[in-house]
Amino acid sequence: MLELKQVSKRYGRKTILNDFNLTVNQGEILAIVGPSGAGKTTLLRCISGLERIDSGEIQLDGKPFDPYINRDNDSVTGVVFQDFQLFPNLNVLENITLAPMLALKKDKDAARKQALDLLKRLGLDGKEQLYPYQLSGGQKQRVALARALAMQPRILCYDEPTSALDPDLRQEVEKMILGLKADGMTQLVVTHDLDFAKQIADNIKRVEAL
Amino acid sequence: MNLAGQWHYAMQIMPSLLSGVQMTLSIFIFTLIGAIPLGIIVGLGRASHFKPLKDLLGIYVWIMRGTPLLLQLIVVFYGLPIIGIVFQRYNAALFAFIINYAAYFAEIFRGGLQSIDRGQYESARVLRLTYWQTIRKIVLPQVMKIVLPSIGNEVINLVKDSSLVYVIGLGDLLRAGNVATSRDVTLLPLLLVGIIYLLLTAVLTFIQQRVENHYSYFK
Numbered sequence: 001m002l003e004l005k006q007v008s009k010r011y012g013r014k015t016i017l018n019d020f021n022l023t024v025n026q027g028e029i030l031a032i033v034g035p036s037g038a039g040k041t042t043l044l045r046c047i048s049g050l051e052r053i054d055s056g057e058i059q060l061d062g063k064p065f066d067p068y069i070n071r072d073n074d075s076v077t078g079v080v081f082q083d084f085q086l087f088p089n090l091n092v093l094e095n096i097t098l099a100p101m102l103a104l105k106k107d108k109d110a111a112r113k114q115a116l117d118l119l120k121r122l123g124l125d126g127k128e129q130l131y132p133y134q135l136s137g138g139q140k141q142r143v144a145l146a147r148a149l150a151m152q153p154r155i156l157c158y159d160e161p162t163s164a165l166d167p168d169l170r171q172e173v174e175k176m177i178l179g180l181k182a183d184g185m186t187q188l189v190v191t192h193d194l195d196f197a198k199q200i201a202d203n204i205k206r207v208e209a210l
Numbered sequence: 001m002n003l004a005g006q007w008h009y010a011m012q013i014m015p016s017l018l019s020g021v022q023m024t025l026s027i028f029i030f031t032l033i034g035a036i037p038l039g040i041i042v043g044l045g046r047a048s049h050f051k052p053l054k055d056l057l058g059i060y061v062w063i064m065r066g067t068p069l070l071l072q073l074i075v076v077f078y079g080l081p082i083i084g085i086v087f088q089r090y091n092a093a094l095f096a097f098i099i100n101y102a103a104y105f106a107e108i109f110r111g112g113l114q115s116i117d118r119g120q121y122e123s124a125r126v127l128r129l130t131y132w133q134t135i136r137k138i139v140l141p142q143v144m145k146i147v148l149p150s151i152g153n154e155v156i157n158l159v160k161d162s163s164l165v166y167v168i169g170l171g172d173l174l175r176a177g178n179v180a181t182s183r184d185v186t187l188l189p190l191l192l193v194g195i196i197y198l199l200l201t202a203v204l205t206f207i208q209q210r211v212e213n214h215y216s217y218f219k
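So the sequences go chain by chain: A and B. The opening position of the first sequence corresponds to residue 1 in UniProt numbering, with each subsequent residue numbered one higher. The opening position of the second sequence corresponds to residue 1 in UniProt numbering, with each subsequent residue numbered one higher.
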């Protein structure tokens with residue numbers, strides 16, 4: 001269980017999050033919805049440790065947890081970025097195995113086997129030797145998901161998972177997210193698309209621009 | 001001189017030209033070995049967010065690019081001994097070339113580094129890669145691809161710039177040609193020198209194409 005307690009984040013004099021509270025329960029999908037500029041992405045960046053919160057507390061299973069300095073402990077959060085941010089110089093397989101090998105010190109064969117399993121599960125078998133520029137948007141997203149999953153995170157975060165894709169791919173994304181939920185993955189989805197949020201989420205948290 | 005005589009003469013001076021080529025190539029190769037890694041490091045520093053370092057390296061780059069290389073060679077060989085730093089001729093040349101070219105390379109790498117999306121660093125960070133792992137495995141390969149054409153330019157410049165070492169008394173290819181030209185009162189040696197430079201440049205252009213092809217597997 002991940003909890004945010006009265007978390008605030010400011011950029012200079014502009015307050016983005018003010019005394020923000022949030023609970024993500026184990027195995028559930030929480031959608032965070034709100035208009036652009038409401039701080040949804042900032043929230044996700046704080047949870048994934050890309051930004052440092054200015055005040056308040058983040059707790060993991062009731063214990064204080066600072067994602068910003070939690071660099072060497074277990075993987076807590078995985079992130080699927082809005083624009084995926086695959087590594088263009090690495091092929092699909094290398095994109096997925098790089099971090100498990102470097103950060104988790106997995107040996108090459110184990111990392112490779114895990115990556116191939118993930119690719120198969122996400123319907124990407126046969127694509128492992130392709131480079132990101134050779135993939136469609138939906139495929140890139142699934143590779144980004146596989147890459148995040150390979151680090152065995154406890155919570156998976158998505159930043160606007162539908163916005164960079166064709167509208168008809170929305171259902172694919174839904175299926176993908178619900179499929180992971182069936183496997184027990186805790187997921188946090190930032191989106192401006194309320195309909196999409198209603199389709200997938202157990203709980204919806206609305207944020208408003210301050 | 002008839003054609004046969006010209007040929008005979010060319011063969012006569014060839015050994016001295018080739019020993020000049022040796023000096024040219026040795027300056028060329030060792031400058032690259034020193035200046036490229038140094039350029040990458042300085043480029044990383046210039047692209048960093050640590051202002052004192054950025055400014056200090058900015059001054060270094062300014063001086064290196066803002067004064068003639070010829071002057072820098074003279075200062076290193078004749079000037080530094082005044083403050084007790086004495087280099088052999090060859091080492092002085094290498095030192096001056098390396099710190100000069102590293103500045104140019106640094107600016108090229110800085111440009112390359114700054115063109116990499118910040119999201120690449122962030123996605124590496126959430127995947128828990130360290131800074132150096134991120135640089136080595138993700139950033140540098142992408143930067144290399146971007147900077148290769150500009151590096152190629154500098155590399156070809158370096159072949160020709162190496163002729164400046166004459167000013168501290170080293171004998172390179174151009175100097176060997178010059179000596180023969182003034183001794184024998186003929187332009188043929190300089191013509192040969194020109195051809196040899198062109199051959200060297202042709203080889204480098206070929207290598208550059210090969211390396212660029214090597215990086216064409218991704219976009």
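Mixed in with the good hints, there may be bad ones.
[As the list claims (entries may be wrong)] Computed list of lysine to aspartate or glutamate pairs in EDC-like fashion (alpha-carbon distance at most 20 Å, straight line):
#, chain 1, residue 1, chain 2, residue 2
1, B, K219, A, D83
2, A, K120, A, E94
3, A, K5, A, E51
4, A, K181, A, E28
5, B, K145, A, E94
6, B, K137, A, D107
7, A, K120, A, E51
8, B, K219, A, D193
9, B, K137, B, D117
10, A, K127, A, D109
11, A, K127, A, E172
12, B, K137, A, E128
13, A, K175, A, E208
14, B, K219, A, E174
15, A, K106, A, D83
16, A, K181, A, D117
17, A, K127, A, E94
18, A, K5, A, D83
19, A, K198, A, D19
20, A, K108, A, D83
21, B, K137, A, E94
[To be verified] Computed beta-carbon distance windows for the label pairs:
#, chain 1, residue 1, chain 2, residue 2, range
22, A, S8, B, V75, 29 to 37 Å
23, B, F30, A, A209, 32 to 40 Å
24, A, S55, B, S115, 52 to 60 Å
25, B, T201, A, G126, 41 to 49 Å
26, B, Q209, A, S8, 42 to 50 Å
Think of the hints as simulated: they come from the structure by calculation, not from any bench. Quick caveat: nothing in here was measured; it's all calculated off a predicted structure. Just so you know, even glycine gets a beta-carbon here, dropped at the ideal spot from N, CA and C.
We went through each hint and held it up to the structure:
no.	hint	verdict
1	B:K219 to A:D83	holds, 16 Å
2	A:K120 to A:E94	holds, 15 Å
3	A:K5 to A:E51	holds, 16 Å
4	A:K181 to A:E28	holds, 7 Å
5	B:K145 to A:E94	holds, 18 Å
6	B:K137 to A:D107	holds, 17 Å
7	A:K120 to A:E51	violated, 34 Å
8	B:K219 to A:D193	violated, 32 Å
9	B:K137 to B:D117	holds, 15 Å
10	A:K127 to A:D109	holds, 18 Å
11	A:K127 to A:E172	holds, 18 Å
12	B:K137 to A:E128	holds, 18 Å
13	A:K175 to A:E208	violated, 28 Å
14	B:K219 to A:E174	violated, 30 Å
15	A:K106 to A:D83	violated, 27 Å
16	A:K181 to A:D117	holds, 18 Å
17	A:K127 to A:E94	holds, 12 Å
18	A:K5 to A:D83	violated, 29 Å
19	A:K198 to A:D19	violated, 25 Å
20	A:K108 to A:D83	violated, 28 Å
21	B:K137 to A:E94	holds, 10 Å
22	A:S8 to B:V75: 29 to 37 Å	violated, 56 Å
23	B:F30 to A:A209: 32 to 40 Å	violated, 59 Å
24	A:S55 to B:S115: 52 to 60 Å	violated, 36 Å
25	B:T201 to A:G126: 41 to 49 Å	holds, 45 Å
26	B:Q209 to A:S8: 42 to 50 Å	violated, 55 Å
In this structure, the hints that do not hold are numbers 7, 8, 13, 14, 15, 18, 19, 20, 22, 23, 24 and 26, in rising order.
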